[in-house]
Structures are given as structure tokens and as C-alpha cells.
Amino acid sequence: MSHVAKIELEIKSLEALIQACRRLGFEFVRDQKTYQWYGRWMGDYPLPEGITTDQLGACDHAIKVPGCTYEIGVVKRNSSYTLLWDSWESALRLKIGQDAGVIKQAYTVEAVKQDAKLKGYRVIEKKTDTAIRLVLSR
Amino acid sequence: MQEIIIDISSDGEITIESRGFKGKACLKETQFVKDLLGHELASQLTPAYYETNKKSIKRYLKLCG
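If you read the sequences in order, they're chains A and B. For the first sequence, this note's numbering assigns the number 1 to the initial residue and increments by one for each residue that follows. For the second sequence, this note's numbering assigns the number 1001 to the initial residue and increments by one for each residue that follows.
Hints in this document: simulated from the structure, not taken from any laboratory. Mixed in with the good hints, there may be bad ones.
Claimed, not checked - Taking lysine-lysine and the DSS-like style, the derived pairs with C-alpha atoms no more than 30 Å apart in a straight line are:
id, chain 1, residue 1, chain 2, residue 2
1, A, 117, B, 1024
2, B, 1034, A, 113
3, A, 12, A, 126
4, B, 1024, A, 95
5, A, 126, B, 1022
6, B, 1034, A, 64
7, B, 1022, A, 113
8, A, 95, B, 1028
9, A, 126, B, 1024
10, B, 1028, A, 12
11, B, 1034, A, 117
12, A, 6, A, 126
13, B, 1024, A, 12
14, B, 1024, A, 6
15, B, 1028, A, 6
16, A, 33, A, 12
17, B, 1024, A, 113
18, B, 1028, A, 126
19, B, 1034, B, 1022
20, A, 113, A, 95
21, A, 117, A, 33
22, A, 127, B, 1034
Said to hold, decoys possible - Simulated coverage check for chain B against chain A, where a stretch passes if three residues somewhere in it have a Cβ under 8 Å from a Cβ of chain A:
id, region
23, 1004-1011
24, 1033-1041
Unchecked claim - Short, incomplete list of chain A residues facing chain B, as computed with Cβ under 10 Å:
id, residue
25, 2
26, 55
27, 82
28, 102
29, 109
30, 133
31, 135
Beta carbons: idealized from backbone N, C-alpha and C, even for Gly.
The following block holds chain B by itself, in its conformation from the complex (with noise of 0.2 Å):
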């Protein structure tokens, strides 16, 4: 499930976390939310951003036979 998950301190703080995308698609999803809110001051990526939606494809050639 693709979520964008905003928290929010009672101090001011303002999280903004993407989850379940795959690449490139997070940044875009939340920019939105920042240009809204602000400007970002710091982020840090995941191992699921490295991840892309497409799909590997196997192929086997056969050695003999």
C-alpha cells in the first residue's frame, strides 16, 4: 500500500515519511506536501527508493539440445 505519513509535534516539527513506493515515485509523491508546507531541510532515502517497478525479466537460452 502506497501511503505519505505526515507527523507533526506539538512544538512544530514536521516528519514526512513515503511509504511502498518503489523509486523515484516517492519524491514526486511528496512534493506536494513540501511545497505546501515549507521547505524540506533535510531527507534521507530508503533501500525501497533504489527499488524500481520493473520487473526483471529471466531469460534462459538453451545450451544444447
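The following block holds chain A by itself, in its conformation from the complex (with noise of 0.2 Å):
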């Protein structure tokens, strides 16, 4: 081993979000302006760094997960997307996983497969139960 690093997760690339979608069974809507939350903020949840209450509701481009009625905001900022959800609704909480963990985890698989595929890796994937392993080798 020679050193190990921690990363915080900035969605960059709206192609990975989509693949993320597709790997997870999830509908990513393209220019869908509002999203389908509460309607009101209930301060129950911190908002994203950035982000205030008249922004919510309003969005770039949507993403649908079967079986909920809620629905998630992918917003553009600058050069990263943030994603918005309202968390009151538990369909949604638990498809989605604690602070979008699931999308993050899908998302980080796919942009880095695409990438290094492109750089001329070997990229394996396993899985184990909470985590995916992403090996890469040339």
C-alpha cells in the first residue's frame, strides 16, 4: 500500500448520473423543472451548503425511483450538480439510503468505470454487503 485517501463526492458528470439511474431501476428526466416534494420546508433537515428555502422545488433535471411519490432535484451549480430530495417521505428515504448514499455510491461506480476505461485500465467490481470495490489495474 502506498497511501490511502478519503474523498468527498461532487457529482460532475450528468452521463455517470444517468448511468447511476439506470444501474439502480431509477427514471432520470431530462430538463424536468420542479421536482414532486412537501411543498413547504418544515426545517426538519439541514439544507445543502448553498441552497435556500426559495430554491427548493426547482430544479435542472429530475430523477423518478419507482414506487415513490416524491421525487429528486438535480440542480446545476457552477460545475458540479447538487442533488435535492425532500426526506419526509420513508419510500423514498429508504430507496435512496441515508443522504443519497445509494446514488452517490452508484454514481462514483459508474464515473470512475467510464473514466478509467478511458485511460486504459482494467476495472473490476466487486461487491460485498454495504460497500462496491472498485479494482483498477493495467
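These two chains come separately, so use the hints to put the complex back together.
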């Protein structure tokens, strides 16, 4: 082992996000400008950094999750995308996980696979109960 | 064997490990993954980081004869 690093994810590739939705069986709806939510912020969860209550409900694209009424908004901010959703709906919470971790996991896998292959790496994907491991070699 | 190992937990936590690289090559090889995914929160260098690919050459000087 040479070094270990922890990374905070930024969603930069819309293509990888679309692939992630496909992988999870979610529907990515391009150019949908609003997403379904309660409609009024109740102050029961922290807002993402840089997002105000006025911006809730508006988005650039949306993600529909089967079996859920509420949707996920995809908001473009500078060079990255922020996900907005109302965690009140338990079905949505269960499907996307804490802090949308399930989507972030799928996005990371798709983004790395796409880019690593372009750079000539061989990519092997291994699944465990709670994690996905990607092994890049060449 | 040189490998980059990326573990992604279901809560979205990402850990990158480089294995089999010596010296600063590990940082260079993993940089594209870090740039692709976001930014580095923390990193820890391991003993292999301080090794280099240069082979040490032992020179013996004849002391007598």
C-alpha cells in the first residue's frame, strides 16, 4: 500500500448520473424543472450548502424513483450538480439511503468505470453487503 | 502489481488506496480519480511511499592487494 485517501464526492458528470439511475432502476428525466416534494420547508433537515428555501422545488433535471411519490431534483451549480429531495417520505428515504448514499455510490462506480477505461485501466467490480469495491489495474 | 482500489460504501463514503506503487508515483496515479470524484478530505501515506524505484548500487573499493 502506498497511500490511502478519503474523498468528498462532487457530482460533475451528468452522463455518469444518468448511468447511475439506470443501474438503480430509477428514471432520469432531463429538463424537468420542478420535482415533487411536500412544498413547504418544515425545517426538519439541514439545507444543502448554498441552497435557500426559495430554491426548493426547482431543478434542472429530476429523478423519479419507482414506488415513491416524491422525486429528486438535480440542480446545476457552477461545474457540479446538487441533489435535492424531501426526506419526509420514508419510501424514498429507504430507496436512496441516508444522504442519498445509494445514488452517490452508483454515481461513483459509473464515473470511475467510464473514466478509468478511457485511461487504459482494467476495472474489476466486487460487491460486498454494504460496499462496492473497484480495482483498477493496467 | 500496481493497483488503485476504490471502496464506496452505501452511505456514499469513498476511500482510495494505491497499492504497489513506490514513491510519489502513487499520488500521481490516483490524482485522476480524485479530480474526477471531488476533493480529498484526508490522506495517509504508508511506508511504501517513502521507497523509490531507484536501485541502490553498492560499490566496493579494494582496500588491499
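*Hints broken by the structure, by number, lowest first?*
4, 8, 21, 26, 27
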